[in-house]
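Just need the whole structure built from these sequences, with the hints factored in.
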Amino acid sequence: MSAVLDIDNLVVGLGKDAKAPRILDGVSLQVAESETLCLVGESGSGKSMTSLTVMGLLQKGSLVPSGGSVKLVGEELLTASDRRLRQLRATTMAMIFQEPMTALNPVVPVGRQIDEVLCAHTELDARARKKRILEMMEQVRLPEVERIFASYPHRLSGGQRQRIMIAMALVLEPKLLIADEPTTALDVTTQKQILTLIRDLQRDHGTAVLFITHDMGVVAEIADRVAVMRQGRLVETGALDTILRRPAMEYTRNLLSSVPSLVPRAPRADSKEPVVLEANELGKVYRERSLFGKTREVAAAKDVTLTLRKGRTLGIVGESGSGKSTVARCIVRLIDPTSGGVRLAGREISELSRRLLQPHRKKIQIIFQDPYRSLNPRISIGETIAEGPINYGMPRPQALEKARELLELVDLPLDAISRYPHQFSGGQRQRIAIARALALDPDVLVADEAVSALDVSVQAQVLELLDEIQNRLGIALLFITHDLRVAAQICDDVAVMQHGRIVEQGPAAQVLADPKEAYTRALLEAAPGRGWDFANFRPVSSGAVAN
Amino acid sequence: MAIETLPEPSIPITTPLRPRLGFLTATPIIAVATICLSLIIAVAVLAPLIAPHDPLLLAPAQRLKPSSAQFLLGTDGYGRDLLSRIIYGGRISLLIGIGTAILAIGIGLVIGLVSGFFKWVDAVMMRVMDGLMAIPSVLLAVAVVSLSGASPATVLVAITIPEIPRVARLVRSVVLSAREEPYVEAAISLGSSLPKIMWRHLMPNTVAPLIVQGTYVCASAILTEAILSFLGAGISTETPTWGNIMAEGRAYFQIKPSLIFWPGLLLSVAILSVNLIGDAARDALDPRMKQRESGK
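From first to last, the protein sequence lines stand for chains P and Y. Numbering-wise (the numbering used here), the first sequence opens with residue 1 and increments by one. Numbering-wise (the numbering used here), the second sequence opens with residue 1001 and increments by one.
Watch out, some of these pointers could steer you wrong.
[Unchecked claim] With a straight-line Cα cutoff of 30 Å, these simulated DSSO-like cross-link-like pairs (lysine-lysine) come out:
#  : chain 1 : residue 1 : chain 2 : residue 2
1  : P       : Lys362    : Y       : Lys1196
2  : Y       : Lys1119   : P       : Lys294
3  : P       : Lys192    : P       : Lys131
4  : P       : Lys516    : P       : Lys192
5  : P       : Lys60     : P       : Lys192
6  : P       : Lys272    : P       : Lys310
7  : Y       : Lys1119   : P       : Lys362
8  : P       : Lys272    : P       : Lys363
9  : P       : Lys310    : P       : Lys175
10 : P       : Lys302    : P       : Lys516
11 : P       : Lys363    : Y       : Lys1196
12 : Y       : Lys1119   : P       : Lys302
13 : P       : Lys363    : Y       : Lys1119
14 : P       : Lys192    : P       : Lys175
15 : P       : Lys130    : P       : Lys60
16 : P       : Lys272    : P       : Lys302
[What the hints assert, rightly or not] Chain P residues, not near chain Y, derived (Cβ > 10 Å throughout):
#  : residue
17 : Leu58
18 : Gln358
19 : Asn391
20 : Tyr392
21 : Ser418
22 : Leu440
23 : Gln498
24 : Gly531
[Stated by the list, open to error] Reference excerpt, derived from the structure (chain Y facing chain P, CB under 10 Å, subset only):
#  : residue
25 : Ala1031
26 : Glu1181
27 : Tyr1183
Keep in mind that the hints were calculated from the coordinates and are not lab data. Here a beta-carbon is modelled for each residue, glycine too, at the ideal position from N, C-alpha and C.
As structure tokens, this is what we get:
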């Protein structure tokens, strides 16, 4: 079988200068017909850069391929003219992206957008084109294709939009499909459907797929072969089974062992510590008044009851829109709940005014998802961490001393204190955010998807840090996540949310290993790579429980 | 854990609080604008030292003289030296321009910050601003000046009032998007007081757009002042301003067009320079530098 895509010793530099830093350095890959090659690596490893080079979409002038070759069905792409590349895109190679909402034009119905591809590259008349498009939309398993054909992107769900992107990419039956993190922005259940869809379409059409992902779970689901990248270089390539069972390189081993296991960790002994946080039938209704006085109500959270004891971790898991973040924000009083109550150390805080709430605020702190936006870029790290204590009357020198201690606690160098957020990586910034939250000695720490934006190895480090802090300070942790693997590794108890309600709640070992509710089961079923125990380089044996 | 993630390459940060002045010579045209404006400012500041004559000294015997060694640009209808009057006139124009910019930005910033943060203030304040914007600014200024008498202070106030809504709306829009940032929410949960949040976390975001807006306000104020003076609704005709000089020169336009030409030229050059520098500042402080924050 000949290779559809053959990348040989590809070098891409920053600028034309031969001595310029190399973004890609000696990358060699082959993808054969009907084969899926997964390109995995952490952010900045050069995996997306590789795909953009293949598509000829590198930023002109600033990123220059300076060596090697890229052959598509035997044709050299690096020296091809723009005109030829335009022809090849869509007809011979196609690409789908992470965020289908931004990849689609919001003011053109999706059917017409697929039609544009056919118009540009085929001689078919309007009727034949429409027939072809509807066929394709059925192939990607969209319901009511006639209606969706005429719909605008914002009327469709995330999964449906990604299906449209796939239909658009495959409508001309390209030989090569490049999928750049196509399921990262989707919920697990939708992700599973899209992965299955790509698999099936590939089988039917014999497409070669270059699949880019950072998620080892997804790799285990879809790959035939795996290529691991790091800092612009290829670490190793091999068949899926070989890479997962017997990785040759240290880096791959580390990457795999950082993937949290879906099997819940060994439960800790029941706690007799006092309850620090209680939510009683908490509810949040958003009211939307339309022009003619008709009110539409959306219940983002309903009857949410939670209990959290000192030194314990309670996880709230669910898909996007399940209301888990709403609950977190109500509890921290960033938004006001519309019903129910929140008791912090026995004191009801849900109806306190801003002024009366002030002394209680320090007892509960929050860490956000996006480490790039949660620190004020114009304020130094020391000032950022010291802000809370200063608000509560601590003199400045003492507050800065405290900031220094906290930096040490979260494993950052002391000179960080006078530096600014942009000088730190995502993981380091998340450590700073944790230090800032701890500066007020809170009883409860709310982590709202706090590790979701981080690479797995960094994620493992931050989780370790949270665990250590909890052991040392006896802090209670409310951990909001969509990632069941993370929940399984850090939570004592888990609450599963769907449509604003808690559908199942209990000890993690029970909820995640032996779920009672159908929805929880569906979530677990959909978790990618659930058959693999990555950290131990073997498939999950049936009935396994963490030792 | 053996894996060390490399910190992303640190990108030099240009916070608007530490502006770099390199943009003032970014292109030859902007360099020329910078030089012109510097000259105008220098001449205005040093007017008493530079001006060859007393700009107010009447000399009926010397009416409407053409250019000569004694009067470089000739004299006006009352025999006053035109060059000296233009030099002194620049003082008022620049004073009004810069004063308006500072005053409008100061007041607009406060209104914008407060209405961006409090919904109920917003509802009232923005309707007041809408009302102000609906009145033609020259008309409003004429009304204010004729009600309260013409002095540099009242003219300054009269020109400032119509500029405030533009600044307030700009600040409000910046605050509305900045207050959704997680770092602002983090400050709320850290128990920071509202004034502190506004000053420390929200206000710095408005600096870059305000510097740019300030130059536009300055240019438009210089023009409005000249219009008011020209219409006779501005500072009293005793004091030379570019608008006054042109207004008086209008009667002699056919005999001595330079009475209008020279102040008019300086007015145009000053406004053009300020606007060009404003454009350059906008390019240098482009809000899209936000890209540096967005990770990948």
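Checked hints:
1. P:Lys362 with Y:Lys1196: Answer holds: Lys362 (chain P) to Lys1196 (chain Y) is near 17 Å, not above 30 Å.
2. Y:Lys1119 with P:Lys294: Given that 30 Å is the threshold and the Cα spacing comes to 22 Å, the pair holds.
3. P:Lys192 with P:Lys131: Distance ~28 Å between Lys192 (chain P) and Lys131 (chain P) Cα, so the pair holds.
4. P:Lys516 with P:Lys192: Judged against 30 Å, a Cα distance of about 21 Å means the pair holds.
5. P:Lys60 with P:Lys192: Answer violated: Lys60 (chain P) to Lys192 (chain P) is near 36 Å, above 30 Å.
6. P:Lys272 with P:Lys310: Roughly 9 Å separates the two Cα atoms, so the pair holds.
7. Y:Lys1119 with P:Lys362: holds, 26 Å
8. P:Lys272 with P:Lys363: holds, 20 Å
9. P:Lys310 with P:Lys175: With Cα atoms ~57 Å apart, Lys310 (chain P) and Lys175 (chain P) exceed 30 Å; violated.
10. P:Lys302 with P:Lys516: holds, 21 Å
11. P:Lys363 with Y:Lys1196: With Cα atoms ~20 Å apart, Lys363 (chain P) and Lys1196 (chain Y) stay inside 30 Å; holds.
12. Y:Lys1119 with P:Lys302: holds, 26 Å
13. P:Lys363 with Y:Lys1119: holds, 28 Å
14. P:Lys192 with P:Lys175: At roughly 24 Å apart (the allowed maximum being 30 Å), Lys175 (chain P) and Lys192 (chain P) satisfy the hint.
15. P:Lys130 with P:Lys60: Violated. Lys130 (chain P) to Lys60 (chain P) sits at ~36 Å, over the 30 Å cutoff.
16. P:Lys272 with P:Lys302: holds, 28 Å
17. Leu58: Fine: 15 Å to the nearest Cβ keeps Leu58 (chain P) off the interface.
18. Gln358: violated, 6 Å
19. Asn391: Its Cβ does come within 10 Å of chain Y, the nearest being 5 Å, so this is violated.
20. Tyr392: violated, 6 Å
21. Ser418: holds, 14 Å
22. Leu440: violated, 7 Å
23. Gln498: holds, 25 Å
24. Gly531: holds, 25 Å
25. Ala1031: violated, 26 Å
26. Glu1181: holds, 6 Å
27. Tyr1183: holds, 4 Å
Checked against the numbered hints above, the structure violates hints 5, 9, 15, 18, 19, 20, 22, 25; every other hint is satisfied.
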